[in-house]
Structures are given as structure tokens and as C-alpha cells.
Amino acid sequence: MSRFGGSGPSGRAVAVSIVETVHELSICSSIADIVTRHAAGRTVQVINVRAGQLRQIVPDTLVYCWGLVSAGTPLDGSRINVESVPARIRCRACGEVTDVGEVPVFACGGCGGVAVQVVSGEEFLVTSLELAPQPDGQGSPDQEG
Amino acid sequence: MGRFHRHDDGTVHDHAHTGAHAHDVGDHSGYATGGERLEVLIRIFDENDRTAAANRAEFAAAGVRVVNLMSAPGAGKTTLLRETLARLGGQLRIGIIEGDIETSLDADRLAGFGAEIALINTGNGFGGECHLDAPMVRSALPRLPLADLDLVLIENVGNLVCPAEFDVGEDDRAMVYAITEGEEKPLKYPVMFRSCGLVVVNKVDLLPYLDFDLDGFLDCLRKVNPAAEVMLVSARTGEGVDAWCDWLRARLAR
Numbered sequence: 630m631s632r633f634g635g636s637g638p639s640g641r642a643v644a645v646s647i648v649e650t651v652h653e654l655s656i657c658s659s660i661a662d663i664v665t666r667h668a669a670g671r672t673v674q675v676i677n678v679r680a681g682q683l684r685q686i687v688p689d690t691l692v693y694c695w696g697l698v699s700a701g702t703p704l705d706g707s708r709i710n711v712e713s714v715p716a717r718i719r720c721r722a723c724g725e726v727t728d729v730g731e732v733p734v735f736a737c738g739g740c741g742g743v744a745v746q747v748v749s750g751e752e753f754l755v756t757s758l759e760l761a762p763q764p765d766g767q768g769s770p771d772q773e774g
Numbered sequence: 003m004g005r006f007h008r009h010d011d012g013t014v015h016d017h018a019h020t021g022a023h024a025h026d027v028g029d030h031s032g033y034a035t036g037g038e039r040l041e042v043l044i045r046i047f048d049e050n051d052r053t054a055a056a057n058r059a060e061f062a063a064a065g066v067r068v069v070n071l072m073s074a075p076g077a078g079k080t081t082l083l084r085e086t087l088a089r090l091g092g093q094l095r096i097g098i099i100e101g102d103i104e105t106s107l108d109a110d111r112l113a114g115f116g117a118e119i120a121l122i123n124t125g126n127g128f129g130g131e132c133h134l135d136a137p138m139v140r141s142a143l144p145r146l147p148l149a150d151l152d153l154v155l156i157e158n159v160g161n162l163v164c165p166a167e168f169d170v171g172e173d174d175r176a177m178v179y180a181i182t183e184g185e186e187k188p189l190k191y192p193v194m195f196r197s198c199g200l201v202v203v204n205k206v207d208l209l210p211y212l213d214f215d216l217d218g219f220l221d222c223l224r225k226v227n228p229a230a231e232v233m234l235v236s237a238r239t240g241e242g243v244d245a246w247c248d249w250l251r252a253r254l255a256r
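Protein chains in written order, with this note's numbering: chain A, 630 to 774; chain B, 3 to 256.
Worth flagging that the hints you see were computed from the coordinates, not collected in a lab.
Ideal Cβ positions, reconstructed from N, Cα and C, are used throughout, including at glycine.
Where hints are given, some of them may not hold.
[Said to hold, decoys possible] Computed Cβ-Cβ distance ranges for the label pairs, DEER-style: (1) B/D51 x A/G701: 25 to 31 Å; (2) A/G730 x B/A113: 42 to 48 Å; (3) B/A62 x A/Q763: 22 to 28 Å; (4) B/G240 x A/A669: 40 to 46 Å; (5) B/D244 x A/A669: 54 to 60 Å; (6) B/R251 x A/G730: 35 to 41 Å; (7) A/G724 x B/S106: 50 to 56 Å; (8) A/G701 x B/P75: 43 to 49 Å.
With the rest of the complex left out, here is chain A (with noise of 0.2 Å):
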């Protein structure tokens, strides 16, 4: 995501994420399933992907994997955005909804309680795509942008 960091700094973390861990690629491998097949053959400019914070997804790692995974194929171009979910839980005794936060604790912020279920945070989901005109549209695609 183009917000968190510089170029710089951002191109540097990717670096480190994809020796680390790759489970972005084959997760853009799923992705593109899910997009080809829904996209029936129509350019697909963004590709909308909603990702709790408890799927340890890094979205410019997830956007750099994009551009592996989709280049050479009808998916070129296209690209990912990311809408990340915070993680919260709601307690089971007292009902009380807490956000997990940055050090993450599955406790109630109320009552203290740890019997709690988590409400938000474990979304992963494809959840729309934006497609180009289609050229019997409305005109020519310079008009674009």
C-alpha cells in the first residue's frame, strides 16, 4: 500500500518479507483464480481485497506479489487494493468489544475476561473488482483517467 512508507523504505521491507515469507504469493495465486473467473474475460483495472489484521497479510507485500503473479498474463496491469480490518473481540461474559492492538491480547478490556470471540480481524475476502469499459461502451480509451 502506497501510504505506509516511502519508496524507499517500503522497497526495503518487501525485500526482507519475500526471503521471510512468501505465503503472499500463493495467496495472489488464489486470487488470481478467483478474479479470472468472475472477471469472464473483461479488464480488470483494481481488484478489491478486504484483509483482517489476523491474516498477517502486509499489503505492499501483497501488492508487490500481485505484480509477479499477474505479469504475462490477462491480469497484467491490473492492481490490489487493500482494505485492512482491525482485530476485535467481544467478550463472553460481559459483551464488552476490545480491539486487540498492536501487542496483541485476547483479554476483555471491561472486565478482564479471557473466554472471548474474535468479532473482527479474520476477513479475507476478493471483495470486488473495477473493470475497464467495455469497447462497445462509451468510447475510445483515451478518454480514461
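Given the coordinates of chain A, work out where chain B should sit on it, guided by the hints.
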């Protein structure tokens, strides 16, 4: 999102901010190009999870219990499995699914104990997969005589991030954590530590030689997974290995 393990600085706030507003993003950029927005709403792990369900059904039909064993590289999974086979090999019919990015070194270390071993080298994937997924495990099933087995132990690829994301059809998840890894690992890899019912704390024979704070580690573990069972083990000396074997036997009775 990987902020727990890969971004230790202020990036967290950027993500949170993005999340709060991102539902607006898709609408605008789609129409700005004169294009069309297509609702999809498909879970990205759908295909994996369907295959995991098929694996689980096949395991259940064969009457075999399956434990997915995960850890960081070098925590001692293979040594623990070797000691497990040495103790249980005569009593239970055990199959091993061995995941490794390259080489058969770990599988070789487990040979000679009478267990059925199916090796999966994940290096054939794009860049080498860092985990086993459900289709990979499925590809190993024809090489195991499932109907003749009581227990299948899956030795996942050494990695504290990715294996936690992929259901492979197991009944139980356990992890091996070595005390040489430091006390705060559960806070850095909460998804992995949360996903396991049992944490085997390995290499406890090194306790006298390290500054390891066991209570500090258990505190961190309780913060992310208060319900986890914990066992203190040294696969090298054999301490605690019987308790682990009893835990495995208890899986069969369920």
C-alpha cells in the same frame, strides 16, 4: 496483516486509518475510469478450505486421527517425531506427512521406525512454499495406507507465519516452541500461537544455561491463547516426551 511480526514502527496507525475509510475507495476509482464495479465477495481461502474439508472427510472415513505439527525452523519437530516413533511405533500404526522446502533430510531421519512416510517438497511452488496447504497434503494421501493407520502426524514447514493460515484437514494443531526462541514470540506470532491447542516447550534441558524466563513466556502465551495446554519437553534427553505421547494417544480416544 503482518504488523505483528514485520512492522515494528508506526505503520500500524497507517493501516488502521486506511481500514476505517477504505470502504469508500473502491466506489470512486471504479467509476472515475468509466468502468464498472463488480461485487465478488469470495473468501480467498475458499478453495483451500474445500480441499481441507475433503481431506478431513477422508481421514474420518479411514478412522485415522491427524495432528498438524508446526514450529519455527530448528525448534525440534523432527527430533520430537523421531522420539515419538521410537516410543509409539510398536503400539500405534503411524503415518508421517513430511513437508520441507527442499531435501529429504528430515524424512531420512525418521526412516527405520516402521512408520509410513510421505514427503512433500514444497520447493516446486512459485518461489518455494513456506507452508503446507490442503491440496499439497491431499497429493500425499495416495502414498499413505490411511485405512491401516491410527495416527497421521503432519510435520509442517518450519515457519511461524504461513502454516497457521492453512487448514489442511487436521483434527488437532500442536506446535513445538524452543526456549532458545525468546519469551515474546507469542506476541509476535499471535495467529500461530492462537491456532494451537498444545504448545510443546522444547529444549528445556538448556534451561540452566540460558537466561530464559519461563514464566515470562507463559504470560505472553496466556495473552494470546489462554486455553493452550503446555508441556515442558526435551526431545534430546527424553524429558517430557512420554507426556507428549500420552497426549497423542488421547487424540485417538476422542
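Going down the list of hints, with the structure as the test:
{"no.": "1", "hint": "B/D51 x A/G701: 25 to 31 Å", "in the structure": "holds, 29 Å"}
{"no.": "2", "hint": "A/G730 x B/A113: 42 to 48 Å", "in the structure": "holds, 46 Å"}
{"no.": "3", "hint": "B/A62 x A/Q763: 22 to 28 Å", "in the structure": "violated, 48 Å"}
{"no.": "4", "hint": "B/G240 x A/A669: 40 to 46 Å", "in the structure": "violated, 60 Å"}
{"no.": "5", "hint": "B/D244 x A/A669: 54 to 60 Å", "in the structure": "holds, 58 Å"}
{"no.": "6", "hint": "B/R251 x A/G730: 35 to 41 Å", "in the structure": "holds, 39 Å"}
{"no.": "7", "hint": "A/G724 x B/S106: 50 to 56 Å", "in the structure": "holds, 52 Å"}
{"no.": "8", "hint": "A/G701 x B/P75: 43 to 49 Å", "in the structure": "violated, 33 Å"}
In summary, the numbered hints that this structure violates are 3, 4, 8.
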